[in-house]
Amino acid sequence: MKKDKLLLGVHLSTSKGIRKLFEEASRLGINVFQFFLGSPRVWKGKTLSEKETEIFSKKMKNYQFIGVHAPYLLNLATFDEYLHKRSINRAIMDIKEMNKIGLKYYIFHPGTNEDVTGGIKRIKKAMKEILDRTENVVLVVENTSGERNDIGKNLEEVKEIVEGFEERVGICLDTCHLFASGIDLRNDIEVEKLYEDLKKLRLDKILQLIHINDSMFPLNEKKDRHTHIGKGYIGNEGFKNLFKHNFFRLLPYILETPKEHDMDYVNLENLRKLGYGV
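Residue numbers (my numbering): 1292 to 1569.
Treat the hints as calculated values from the structure; they're not laboratory data.
Heads up, some of the hints might be wrong.
[As the list claims (entries may be wrong)] SDA-like cross-link-like pairs, simulated, lysine to any residue; straight-line CA separation at most 25 Å: (1) 1564 x 1551; (2) 1335 x 1363; (3) 1311 x 1345.
When you get a sec, could you build the whole thing from the sequences and use the hints?
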């Protein structure tokens, strides 16, 4: 049995303020987390107050990874100039707030476009502008399920997006998205193949975290619907396979499962049992 400490956490809400965010992190006993700067469904971002900045400065040293997730509205892949510019500006605004509190990981979905090649060019154009206008940030590209013309549905597309940006980019893998796009995490041979593919594409060195979610839909259905750990089609076996793997085990894992009752606590306890039992 492996005794090394797992990096486990959840997506936390800022709706009740930064102090409450850290209180919830402490209650759950987590050592990593992510959050939105403001509502993920409106364009107006959150401006951190001096007091909130002070709280962050005191508390953040207790955590081994803290990420900010971009709002769902962003679409860096679009040909729509207004939406493209609006997405870029919102990302820049978030990153400037992150700079106030010393956070550097900005996680985002690449966006949607029927034209994959054209969409990737638009994403790279947007990323260049964001990086040119900000500092001290790592743009973390999340893989997608392939639903609704999502770009980033396989490692090859993710590689194309990050190529050329060197140390200022990273990637995030979402287990539900992997499963939805055809990678069967229930099979330990496929988990090893995923690792080998990451190495082959030189993405292993920039993999920053894993979003750990079960899937409401069967393998390769291209549907991004998260559910609770062990309650979906990935099941406990899939998560065990990740924790058994010497590379994947060491990464930060962040839950993005439905916020029902105290299910964050329940899901974390299940993951701890799975992770420390392998």
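A quick look at each hint next to the structure:
1. 1564 x 1551: Holds, at about 21 Å.
2. 1335 x 1363: Holds, at about 12 Å.
3. 1311 x 1345: holds (14 Å)
Checked against the numbered hints listed earlier, the structure breaks none of them; every hint is satisfied.
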